[in-house]
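*Asks:* These are the residues of each chain, in order.
4 protein chains.
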Amino acid sequence: MAGSQFGKIFHISTFGESHGKALGVVVDGCPAGLSLSEEDIQEMLERRRPGKNLKMTQRKEGDKVEILSGIFDGKTTGTPIAMVVWNEDQRSKDYGGIAHAFRPGHADYGFFAKYGFRDYRGGGRSSGRETIARVAAGAIAKKMLLELGVSVRAKVIELAGISLTESREKAELLAEQKILSLREQGDSAGGVVECLVEGLPAGIGEPVFDKLDASLAKAVMSIGAVKSVEIGDGIEASKSLGSENNDAFFLKQEQGFDSFMGSLQKGSNHAGGILGGMSDGSTIRIRAGFKPTPSISKEQQTVNEAGEAITIAIKGRHDPTVVERANVVVEAMTALTVLDALLENLSARLDYVKKAYQK
Amino acid sequence: MAGSQFGKIFHISTFGESHGKALGVVVDGCPAGLSLSEEDIQEMLERRRPGKNLKMTQRKEGDKVEILSGIFDGKTTGTPIAMVVWNEDQRSKDYGGIAHAFRPGHADYGFFAKYGFRDYRGGGRSSGRETIARVAAGAIAKKMLLELGVSVRAKVIELAGISLTESREKAELLAEQKILSLREQGDSAGGVVECLVEGLPAGIGEPVFDKLDASLAKAVMSIGAVKSVEIGDGIEASKSLGSENNDAFFLKQEQGFDSFMGSLQKGSNHAGGILGGMSDGSTIRIRAGFKPTPSISKEQQTVNEAGEAITIAIKGRHDPTVVERANVVVEAMTALTVLDALLENLSARLDYVKKAYQK
Amino acid sequence: MAGSQFGKIFHISTFGESHGKALGVVVDGCPAGLSLSEEDIQEMLERRRPGKNLKMTQRKEGDKVEILSGIFDGKTTGTPIAMVVWNEDQRSKDYGGIAHAFRPGHADYGFFAKYGFRDYRGGGRSSGRETIARVAAGAIAKKMLLELGVSVRAKVIELAGISLTESREKAELLAEQKILSLREQGDSAGGVVECLVEGLPAGIGEPVFDKLDASLAKAVMSIGAVKSVEIGDGIEASKSLGSENNDAFFLKQEQGFDSFMGSLQKGSNHAGGILGGMSDGSTIRIRAGFKPTPSISKEQQTVNEAGEAITIAIKGRHDPTVVERANVVVEAMTALTVLDALLENLSARLDYVKKAYQK
Amino acid sequence: MAGSQFGKIFHISTFGESHGKALGVVVDGCPAGLSLSEEDIQEMLERRRPGKNLKMTQRKEGDKVEILSGIFDGKTTGTPIAMVVWNEDQRSKDYGGIAHAFRPGHADYGFFAKYGFRDYRGGGRSSGRETIARVAAGAIAKKMLLELGVSVRAKVIELAGISLTESREKAELLAEQKILSLREQGDSAGGVVECLVEGLPAGIGEPVFDKLDASLAKAVMSIGAVKSVEIGDGIEASKSLGSENNDAFFLKQEQGFDSFMGSLQKGSNHAGGILGGMSDGSTIRIRAGFKPTPSISKEQQTVNEAGEAITIAIKGRHDPTVVERANVVVEAMTALTVLDALLENLSARLDYVKKAYQK
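Residue numbers (numbering that gives the first Met the number 0), protein chains in the order written: chain A, 0 to 358; chain B, 0 to 358; chain C, 0 to 358; chain D, 0 to 358.
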C-alpha cells in the first residue's frame, strides 16, 4: 500500500527527501546469484546527473551509491538489497517566500491538502532527486534482464516541440538553442522520451488488469512531469483503420518449429509489441510525454499557506527541461516493470512449475 | 497477483469467458451501509450493450446481473459482493479455421505463447464481454462516489478520426456515416474517450508510484484496445512552455478559510486536476485512445497453431468500432481507481485516524 | 486488502453468507494445464459435510459445486476459476430473539461493532458454511500439489479432551460417547487437528516475515474456532533443551550428491519440517487447536442490540463439535499455503529463471 | 511479495545481515503528524539488547538508530521513514568449519537449498539481529497506538520450563539458576512470552482470512524460534466445554448507550479479546512459545556443504536462551499488526468515510 512501493515479485520500497539525509531504496525479491557491484548501479546513476551539457544546471551532485545489504561474495543472495545515496548538502537554505507558497505546476498544494503540512525544502519527496532511488533499483533490473537476453533503452525523441527522429544531429542543435533561449526568458520546455525493449519472449504480461502495457503505463506515468503514455503507434492508432493498424503474422524462416514461443514475427509493429496485454515477441515500444518543468523565473500568480494571494518568481539554477535527464528514469521504470512481469510469468503453466522442481 | 484483480482497498476479482457459463466479479472491501440493488448495476450495464444504434451490432445480449452475496436489507454489509451475468449462448459454434489461427491485432498468440493452449471460443478471456465485470463493479464505485459528492462521466470525443468536440451533432452524423461505410468495406475504426471527475477534494492520490494519474493510466490502459492515455493537456503539454502550462492558483472568494482543503481554485486546468500525483481540487480530465477493432472481414495474412501461413477474413457481426460501447468501461475503471484512492487516503493523517476512533 | 482474500500468487477471493443465494470463490493465478473437473472439487467437499456419523447433525446440505470459468477441454487455462455452491434453503426463518442478541463466543458483537449492523441469518459470513469456499479452492491446490509430488493430509488427534493418538479405535469410541453425552447436556467440545505435508523439497518458504510456518499459522488460525497453532513439537519445544530439540542432519545414503536439494535427512523431526521459516525436506507437521463450538442450548447471559441484558439458549441441530468436519478445512488451508510458497519460490534463483526461459 | 515485508497499510520493508554494513527498515504508510525522534526508537531498541543481566551474553552491541527520512520539524510527514542501525563489527571472522556446516536447528540448510549458496557470517539474514528492524518499526507503531489509546506490553511468563506467573520473584531466581547451569553444560532453554493489548475498540480485524488473531499468529510465528501461538486460553480451550469457554456479555453500567462500540463487557475472557476474528473490546491476549536456542556448545552430528558427515560444537558467547530479549520483539510485531488492522478498519463503513471527508 501507501505510495512508495513498486512491483509485485521484484518489489521496491523507496525513501528520502531532496534535502534530508539520504535517498534510497530496498529491493526485496531479487533472485539470488546475480553478480552485482556498486559500479553497476553508479554507471546508471551517472546518466541521470545534471550538468552534462550546456543546457543543464551546473549543480555538482556527485551521487555515490552505497549498498548496505543483500550482496555476498559479489552476488545477490536473494535477501533484500538496500541502497542509499547521501545528500551532500542538507543545510537549511533560506527559502524565503517560496517556502510557504503553493508553486504553480508543483505538488506543494497536494502535499499540504493531504498531510496538513509539508517539507518545503527543495520539494521534499516530490523533488526530481526522488528518481535516484528508481534508477538505482532499475539498474539491477536492467542487469538481470540482460542475463535473460532482454535489453531496455530509452532516448529523447522530441525536445521543446522539436522532433529529433529525423536528422537528429541538426535537430538536437536546434532544440538546444531553443532551450538556451527559454532559459534566458525564464521559461521552460517539455519533450517526449521513447523506450524500446528488445528480446522479450512472447506471452509476458497478464491478460486482464495487469496487462503489460497497463503496468508500463502506470510505471511511466508515475514519473513526475509525465502527462501522456503511448504504446506502439499510440494516439495515432485512434485515427487509423483496422486494416492499417493490424500487424500480420509470419513464420520466422530461420527457425525450426519445435518450440512455438518466438517462432513468429510480424510484418509491422503498430501494436508496439503488445497484444491483449501480452508481449508478442517483437520490440516493445513505449513513449512518455513530459510537460515543461514548472520551476520558471517568470512571475506567476499564486496563494500561500497563510491564504494570501501573492506573486512569485522561482529563482535558482533550475533546468529549463528535465527531459534529457529523464530518459534514464523511463528506462529504469520500464526495466522494473518488464522484469516483474517475467518473474510473475514463471507460474503461468504447470509444466513450467514441474520443470523447475524436477531434479 | 495474477492479472484479474484490481484495487487495493476496494478490491475486485473478475472471472469468466465470452462463451463460458458466466462472467462475474467479487468486490471485497466495499464499505458497509451503501444502498444497493441489482437495478443500480443493471442501469450501467445497459449503457455498454451493443445494438443501441445503427453502427453497432444487433446482437441481443440481454445481460442481467445477479447479486449473490454481500447485501442485506438493501444495503452493503461490508462483506464481499459477488455478481454474475450468465452467458445465454454457450453452444459450441463452428469456429472453422479461425479457432486455431492467430488473428492479427488479437490476443490469440499471446495466450498461446503464455499458456501453451487457449480457449478459442469468442476470444475467451480477452473478449469484450470481459468488461461486463468491470462495469458491474464500477457501478458500485460510482454510486459510492456520488454519496461522497464525486461524479464520474465519460464521453466519446473523437470517432474514426473525426473530432466530436465542436458542433457535436453534425460531427456525430459524419462519424456515423464513416463507420457505416467502413462496415461495408469490412474495415474498422478507433476513437478517443474523455472522462471527467468532478467534486474530488485536493490531496487524493499517493505521492510516488501510486500517483493518482499513474493509477488512472493503468486502469484505463488495461481496457482492451486502448493504446494511449493522457492527463489534462496530455501530449500537447510536451510541446508547450512552462509559462503556458502552469495553472495559477487563486483563492475561492465565496469561502471562508477555516479548512484549507478546497479553498483554492486555478485559473486554468492544463494539469487535468492532478499535480505531483495528487488531486488539486479541480476537474480530473483523462483521455483514452482506442485502436480500431481488430476483427475485420478484409483478408489478412497470419499463421495458425499448426505453424502454417494462412489467409483469414473474420466474418460475423463484429462492431466496426468499440469506442461507443467503451466509454462506460472507461467510466467504470476511473470510478474504481478514484474510490480506491479516496479510501487509501483515510489513513494519511494521524488526526483523521483519531477523529474516526473518537466516540 | 479487505479480509476475504488469501494467497499471493495462487490467490483466492471468497464470498457468500450462510443464508444468502450462494457461497463461492474465485481462484486467480492457477497455473494452466491442470486436469480439473467438478468431481475433483466435489470429492473434497463431501468430506466436510455434516451428518456422516452419529454425533453430527442430520442436516442434509447436498452442496454441489458448479465451475463457472477457467476450464477448457478439461484443463485449467491459466485464467480465473470461479466456483459456486448454491444454498438450497434461503427462506427467512424465524430467528426470534436470537436475531438481535449477541451470542456468547460468536462473531455477532464484532460484526455489529465493525459495520453498524449485521446479517443475522445463520451467522452470515462467520457461519461454518464459509469454509465451503476454502475447501473448494483447497481441492485445486491439493490436486496441483500431487502433480508436484507433495501430499497433504489432516486428521483429528484429540477430541473432547481425549487423545486419539494411541489405541485410536478405542479412543474414538470413548470420545464419541462423550460427545453424545455433551449433546444431551446441551453442551459442546473442542479438539485438535494435525496436518502432515509430505514430499515438499527443502528451501520452500521466505526467510523473514513470510516464513512457511508463519504463513501456515495465519492460514490455520483464520479458520473459525481455532485458538492455537503449533509447528512440530510446538508448545512442548518451549520446555525442552537445545540438545534435545535440535534435529541432527545425516546424508541420505541411497542418493548421489549431484543435486543437494533433498539429499539430507534428519535423525528426528522436532522442528516439524521447518527451520528458519523454510522447509528442511522432512515432513511438515502442524497442529490446530479448536475451541468447543459456541452454539450451546444451555442458558447463557448476554445483551441484545437494544442494549438489554437477556438470557438465551441456542436451540436447533447444532453440532456439539466442529472438529470432525474441520480437518478437511485445515487440509485445504495448508494446501493453499504450501502451493503458494512453492510458486513464490520459482523466482528465488537467477539460474532457475534462466532455465525457465531457455528454449 | 518476497519475504521481508510486513503490513498492508502501515507497510514495512526490512533489510540487513548480521555481519553486513547495516540493518534497517523502511516504513511506508505511516500517517502524518506523529511526533517522532530517534530517542523514541532507541528506547525500545535498548530493551532488546543482550547483556542486561547475568544470564545474557556480554556482547556490547550499542545499536544506535539513525532516521534517514520521513520526519520534518519533529513530526512524521506521511512519506517513508527509513531507519538504519550500523553494524560496528563487520570484520570477517574465522568461522572455521562452521561456515560451511549446516548447524542443527538453524536456517543454514534452508538458505542453501533455496538460494544455492548463503551468507554464512553470523547467520546472515536469519540472525537474531534481524529483529532490530522489527523493533525499530514497532516502536513507531507503539507510539501511534498510544495516541489512539491502545497499549501493548509483553512479558516472559515461562522460562526454561519454569512458570513465572505465580510468585514471580522466586520463580525468576529459579529460572536464572537453571539457565546458568545450562550455560555451563553447553545447553540452552526456551520459554513463553505473553503479550497484552489494552484499549482496542471492538470490531477491529477482518472477518475471514485476515482475522485479527490470524494476522497476529503470522506476525508472532514469523519471529525466529517461535513454534507455537495461542490466543486467550489457547491450547487449553480445546479441552474445555462450550459452557465453560463462552464468555458472557454484560452492559457496562457506567456508560450511556449512545455509541454501542465499547458499551459491552464480558464476565470472563477465555477468548483472549477476539471473537470471529474481530476484537471484542476486552484485553487481547496472545502467547508465543519459543524453542531453546539452537546454538549449543555440546557436540552435534551434521553435514557440511561438501556433503561430509561431521561433528560440530558451536563455541562463542551464545545466549542459552533468547526469550528474555524476545519479548520486545513480540511487542513490536503485535503493535505493527494491531495498528495495521486499525488503519484498515477506517474504510469499514460508508458513514465513517463520509465523516472523514466532511468539511
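These are calculated hints, taken from the structure and not from any lab test. If you're wondering where the values come from, they're calculated on a predicted model, not measured in any experiment. It cannot be assumed that every hint is accurate.
Identical chains share a label here; the pair holds if one copy fits it or two copies do between them.
[Stated by the list, open to error] For lysine-lysine, the following DSBU-like pairs were computed, each having C-alpha atoms within a straight-line distance of at most 30 angstroms:
no.: 1; residue 1: 353; residue 2: 154
no.: 2; residue 1: 154; residue 2: 238
no.: 3; residue 1: 354; residue 2: 169
no.: 4; residue 1: 74; residue 2: 63
no.: 5; residue 1: 314; residue 2: 251
no.: 6; residue 1: 20; residue 2: 177
no.: 7; residue 1: 314; residue 2: 238
no.: 8; residue 1: 20; residue 2: 142
no.: 9; residue 1: 177; residue 2: 74
no.: 10; residue 1: 142; residue 2: 354
*Asks:* Check the structure against each numbered hint from earlier and tell me which ones fail, lowest number first.
*Replies:* The structure conflicts with hints 3, 6 and 9, although it agrees with all the remaining ones.
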